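Undergrad: Protein chains in written order, with numbering that gives the first Met the number 0: chain A, 0 to 194; chain B, 0 to 344; chain C, 0 to 479.
Hints listed in this document are in silico derivations from the structure and should not be mistaken for laboratory results. Please read all numbers here as calculations on a predicted model, not as lab measurements. Possibly wrong hints are sitting among the right ones.
[What the hints assert, rightly or not] Here are the simulated EDC-like cross-link-like pairs (lysine to aspartate or glutamate), alpha carbons at most 20 Å apart as the crow flies:
1. B:LYS86 with C:ASP282
2. A:LYS60 with A:GLU187
3. B:LYS86 with C:GLU322
4. A:LYS60 with A:ASP19
5. A:LYS60 with A:GLU176
6. B:LYS165 with B:ASP269
7. B:LYS1 with C:GLU145
8. B:LYS1 with B:GLU222
9. B:LYS63 with A:ASP84
10. A:LYS36 with A:ASP65
11. A:LYS60 with A:ASP85
12. B:LYS86 with B:ASP120
13. B:LYS33 with A:ASP127
14. B:LYS34 with A:ASP84
15. B:LYS33 with A:ASP105
16. C:LYS256 with C:GLU177
17. B:LYS34 with A:ASP85
18. B:LYS34 with A:ASP127
19. B:LYS34 with A:ASP131
20. B:LYS1 with A:ASP85
21. B:LYS33 with A:ASP131
22. A:LYS160 with A:ASP192
23. B:LYS165 with B:ASP98
24. A:LYS160 with A:GLU30
25. A:LYS160 with A:GLU17
26. B:LYS63 with A:ASP127
27. B:LYS165 with B:ASP268
28. B:LYS63 with A:ASP131
29. B:LYS34 with A:ASP105
30. B:LYS63 with B:GLU29
31. C:LYS180 with C:ASP205
32. A:LYS60 with A:ASP156
33. A:LYS11 with A:GLU168
34. B:LYS165 with B:GLU29
35. A:LYS160 with A:ASP19
36. B:LYS1 with B:GLU83
37. B:LYS165 with B:GLU191
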Amino acid sequence: MTVPASESGIHKRVVLAEADIDRALTRIAHEILEANKGSRDLVLLGIPRRGFPLAQRLAQKIAAVDPTVDPDLITGQLDVTMYRDDLRRHPTRSPLATQLPPSGIDDKVVVLVDDVLYSGRTIRAGLDALADLGRPRAVRLAVLVDRGHRELPIRADHVGKNLPTSSQERVRVHLAEIDLIGGSPVDEVVIEDRA
Amino acid sequence: MKHLLSTQDLSARSALRLLDTAEEMAAVGEREIKKLPALRGRTVVNLFFEDSTRTRISFEAAAKRLSADVINFAAKGSSVSKGESLKDTAQTLEAMSADAVVIRHPASGAPARLAASGWIDAAVVNAGDGTHEHPTQALLDAFTLRRHWARIAGTPSAGTTLAGMKVLIVGDVLHSRVARSNVWLLTTLGAEVLLAGPPTLLPVGVGSWPCRVFYNLDDALAERPDAVMMLRLQAERMNAAFFPSTREYSRRWGFDDGRLALLDTMGLDDTVIMHPGPMNRGLEISSAAADSPRSTVLAQVRNGVSVRMAALYLLLSGDPQDDDAADGRADQDDPPATTPEGRTP
Amino acid sequence: MSHDTTPRPDDAGYLIRGASLLGGAPTDLLVRGGVIAALGPEAGRDAGTDAVTIEADGLVALPGMVDLHTHLREPGREDAETVETGSRAAALGGFTAIHAMANSSPVADTAGVVEQVYRLGLASGWVEVRPVGAVTVGLGGERLAELGAMAESRAGVRVFSDDGICVHDPVLMRRALEYVKAFDGVIAQHAQEPRLTEGAQMNEGDVSAVLGLTGWPAVAEESIIARDVLLAQHVGSRLHVCHVSTAGSVEIIRWAKARGIDVTAEVTPHHLLLTDELVRSYDPVYKVNPPLRTSDDVHALRAALADGTIDVVGTDHAPHPSEHKECEWAQAAMGMTGLETALSVVQHAMVETGLLDWEGFARVTSATPARIGRLAHQGRPLAVGEPANLILVDPAARWTVDPSTMATKGRNSPFRGLELPGRVRATFFGGHPTVLDGSLATPRPTPHSAPHGEQTGAQGGLQGGLQGGLQGGEAPAWNI
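Based on the provided sequences and hints, a complete structural model is requested.
TA: So this is what it looks like as structure tokens:
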């Protein structure tokens, strides 16, 4: 058995810095507008917790391109906790709020937004949750990082960065809206490796 | 949290978690599709040794909205009334793979006994035991009070406590499981609890409770409570020399029209009147009070389903080995643990 | 059966080497012929070569314990306990005499039933089994049972009690107290005012308020004791108060004794150690009557036992079949086993706290209960010529209570899992070792003087003859 390199036994490596994240989101925002042929009927639903601030940022970038868009009116949060298939495998999760934009989701083009796409099970739960809330015209998926290892036939429409990883590694997304490191807000994506 | 047996052993953290989860459940109740798949394939048994249609259907609705299978076991008229012991009944339910047992029992401590005996692995939810506790009733009362204050303040209720609130509980505290559960829970959540009732219906030992006690209802009302919770007067107390007559009880301890008007006179515009139901109209509460805009009686019933959904969800959804300290991890999306599903470690 | 020619160890004797008499200096004892034949250096000299030697280094020799309060359940509830199993438990616990309470089924309210219990005790041979007679017919609290017939029976009953139920009718209590004077009997009262304790489940106080269990207020015990000591004074009778459980009762008894009233009082081991805080578990193993009280009460009871206000320890050993405890609190039976833990609990609560020395221990567990029950040959000093009812105790031993290994049928020990001091290493009953090396040995053979069980039951008659003026003259069965 080897002695871990650091005290915690975890190696960290920054793969996306603040500017990288911003660039990726800008690109995704443009892709969304392009795929949708404009902002019509667009609704961005972030999956908590980090999907929601990402959805807000995307909405702002869309609004920057299309000034007719009020970012608050096209953004919402979709909690998928109660739809997960792994509830019994983990400590009890508290459900978080689901908030839809005032227009609802019926006949809208809903873009689910999440930070990391991995097995695809969260998105599967999100699709089930959506079905209980209404009937969108189309559902698309935008993620900041796709790290592979899919376990379901699910694919992202918009990806910030494809990140080949091993299953021993852990991808962590830190967003300034939520994450404080050493007391200051941080925007970064890191890979942690259990040495 | 493995069981929900009493509010006395409920930490502020667990209580808030229950109430916050209930907020999300309440939101589901406002949707067109009022059903969640969280407890699909789980079995909840309503084991009722006492008639209580209200509580049973509330738990039944809660379990069904979470997609659990529900078995109603009314002990009256069943083998239990033929002398089958609680132990044998419990083991029967265990053999039927019950994941949760919601138990209502006339004996104080029966749910605790069920939970600690080793007769059964299921989560035990106390739906009222004797004169001990009725924790989900207290939770729905706290939930109702929290929402009431949030509405006045125009702020969201999630995450808030009852700090600064003054709640007056009136009546037969001695025999009331609702009163006991509320005393512990409301004080845990930061409220100040006042008790008022005839000295014969306050337990010996009430002096050690975290409450002020009044023998005169009007003195207690002069403390300007934010909520007045009227307890039901059980018929069997009426002829047991606890008080001279129901008329005298009603005059001294009932929330009558005069006291309803007094709230207005005192300028207590935001004070609500609560009752766990079923009400004895004209006895502990007048019809005018029960039907006034101050009354939260129907909101309490509505909130009961949300709170019971929260309790069942939190008891049944997680890994049974977990402790609730680990909740902080829950926001890691996708496979949050070291072992993604379907893979061997 | 007892006239065979096989040499028996009891005849050759037992040489106990180096036992500390009542905690004093190590001494040798020779037990032979049912009595303490010699003490000190003479013991070794007098012992023949065929005497069995018992090394008792570090062990304390005490008079065999006498329990005034045991429920043996036979006849009627042999699933809970029998005279045989209960007296085995007693021997293991260091007892040489126990009083079998009257609440059997049928109730021990006639000469026939008490003689049956008495005969079963003789046949078992582990300890002396003294039946307690019921005060009222069927414990019904309405008519006096035939107290005289039970006193004059072969069982020689001297202690009468409706234990489990209070003799609450003041006239009936007065008459009972008066009547038993004729044969030097004593009424052992279960002090519980019935109206104040309807449906009572536990001590009324802070804990019952929280648990929502109907309270058993201290005043329900104290008011009956106050009434009874005044009645006893008025009619000049002796009164024994069973299982005193409250500080207030102690005060009343102290007052009564100061007034010269002939009252004795008993406390159980569990009331010397446990409090109503345990009820928070709702585990019916802690359900008992009178109920576990507060720590203030426990301390008052200990002090009272130390200063003599409370005279004796009585176990109130109350075995129950498991189904009567594996249920809801309110449905559960009241009572705890106690025979096999009494010595350890009292050592823990009284001796190790410095409240009693071993001499005091012998007083409250042996000498005084024997005097109250009028057992002249029990609870005697450890002196030459005295009946050899004695035990050897290892006070330094520590053990963890495991009800499943006990001799009693009852598994309802509230001390389960507790580590306690003190173990009985040997029990000598009428010169015969019923317990050796901490394990059951053999029951005492039927005494020589009584070839048939039918004729063995005369010691009660003797006691009555000596002290109550009834017929006497026959040799008591156990007092060779």
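Undergrad: Now tell me, hint by hint, if it's right for this structure.
TA: Right, here's what the structure says about each hint:
For the proposed pair LYS86 (chain B) and ASP282 (chain C), the alpha carbon gap of about 13 Å is at most 20 Å, so the pair holds. For the proposed pair LYS60 (chain A) and GLU187 (chain A), the alpha carbon gap of about 19 Å is at most 20 Å, so the pair holds. At roughly 9 Å between alpha-carbon atoms, LYS86 (chain B) and GLU322 (chain C) fall within 20 Å of each other, so this suggested pair holds. Our distance criterion of 20 Å between C-alpha atoms is met by LYS60 (chain A) and ASP19 (chain A), whose separation comes to about 15 Å.
Distance check on the hinted pair: LYS60 (chain A) and GLU176 (chain A) sit about 16 Å apart at the alpha-carbon level, within 20 Å; holds. The hinted pair formed by LYS165 (chain B) and ASP269 (chain B) meets the criterion: a straight-line CA distance of about 12 Å does not exceed 20 Å. Under the criterion of a C-alpha separation no larger than 20 Å, the hint pairing LYS1 (chain B) with GLU145 (chain C) is inconsistent with the structure, at around 58 Å. In summary, the hint linking LYS1 (chain B) to GLU222 (chain B) is not supported, as the alpha carbons are separated by about 39 Å, beyond the 20 Å threshold.
Distance restraint check for LYS63 (chain B) and ASP84 (chain A): the Cα-Cα separation of roughly 18 Å lies within the 20 Å cut-off, and the hinted pair is therefore satisfied. The hinted pair formed by LYS36 (chain A) and ASP65 (chain A) meets the criterion: a straight-line CA distance of about 12 Å does not exceed 20 Å. A hinted pair counts as satisfied when its Cα atoms are at most 20 Å apart, and LYS60 (chain A) with ASP85 (chain A) does not qualify at roughly 34 Å. With a CA separation close to 13 Å, the supplied pair LYS86 (chain B) and ASP120 (chain B) stays within the 20 Å bound.
Simply put, LYS33 (chain B) and ASP127 (chain A) have alpha-carbon atoms about 14 Å apart, close enough for the 20 Å limit, and the pair holds. The suggested pairing of LYS34 (chain B) with ASP84 (chain A) holds, with an alpha-carbon distance near 16 Å, which does not exceed 20 Å. A threshold of 20 Å between alpha carbons decides the hint, and for LYS33 (chain B) with ASP105 (chain A) the separation of about 17 Å falls inside it, so the pair holds. Between LYS256 (chain C) and GLU177 (chain C) the alpha-carbon distance is near 19 Å, which keeps this suggested pair within the 20 Å criterion.
A hinted pair counts as satisfied when its Cα atoms are at most 20 Å apart, and LYS34 (chain B) with ASP85 (chain A) qualifies at roughly 18 Å. At roughly 12 Å between alpha-carbon atoms, LYS34 (chain B) and ASP127 (chain A) fall within 20 Å of each other, so this suggested pair holds. Our distance criterion of 20 Å between C-alpha atoms is met by LYS34 (chain B) and ASP131 (chain A), whose separation comes to about 8 Å. As the CA atoms of LYS1 (chain B) and ASP85 (chain A) are separated by approximately 18 Å, the hinted pair is consistent with the 20 Å bound.
Simply put, LYS33 (chain B) and ASP131 (chain A) have alpha-carbon atoms about 8 Å apart, close enough for the 20 Å limit, and the pair holds. Distance hint between LYS160 (chain A) and ASP192 (chain A) is fulfilled; the C-alpha atoms sit about 19 Å from each other, no more than 20 Å. The straight-line distance between the Cα atoms of LYS165 (chain B) and ASP98 (chain B) is roughly 38 Å, outside the 20 Å bound, and the hint therefore fails. A C-alpha spacing of about 14 Å is found between LYS160 (chain A) and GLU30 (chain A), which places the hinted pair at or below 20 Å, so the restraint holds.
Taken as a hint, the LYS160 (chain A) and GLU17 (chain A) pair is honoured in the structure, with Cα atoms around 13 Å apart against an allowance of 20 Å. Under the criterion of a C-alpha separation no larger than 20 Å, the hint pairing LYS63 (chain B) with ASP127 (chain A) is consistent with the structure, at around 18 Å. Between the alpha carbons of LYS165 (chain B) and ASP268 (chain B) the distance comes to roughly 14 Å, so the proposed pair stays at or under 20 Å and holds. This hinted pair checks out: LYS63 (chain B) and ASP131 (chain A) have alpha carbons roughly 15 Å apart, not beyond 20 Å.
Restraint check for LYS34 (chain B) and ASP105 (chain A): satisfied, since their Cα atoms lie roughly 18 Å apart, inside the 20 Å limit. Simply put, LYS63 (chain B) and GLU29 (chain B) have alpha-carbon atoms about 16 Å apart, close enough for the 20 Å limit, and the pair holds. Among the hinted pairs, LYS180 (chain C) with ASP205 (chain C) is inconsistent with the structure: their alpha-carbon atoms are about 42 Å apart, more than 20 Å. Between LYS60 (chain A) and ASP156 (chain A), the direct Cα distance comes to roughly 18 Å. Compliance with the 20 Å bound is thereby established for this hinted pair.
As the CA atoms of LYS11 (chain A) and GLU168 (chain A) are separated by approximately 10 Å, the hinted pair is consistent with the 20 Å bound. A hinted pair counts as satisfied when its Cα atoms are at most 20 Å apart, and LYS165 (chain B) with GLU29 (chain B) does not qualify at roughly 30 Å. Taking the CA atoms of LYS160 (chain A) and ASP19 (chain A), the gap is about 9 Å. The hint holds against a cut of 20 Å. This hinted pair does not check out: LYS1 (chain B) and GLU83 (chain B) have alpha carbons roughly 26 Å apart, beyond 20 Å.
Distance restraint check for LYS165 (chain B) and GLU191 (chain B): the Cα-Cα separation of roughly 5 Å lies within the 20 Å cut-off, and the hinted pair is therefore satisfied.
Checked against the numbered hints given earlier, the structure breaks hints 7, 8, 11, 23, 31, 34 and 36 and satisfies all the rest.
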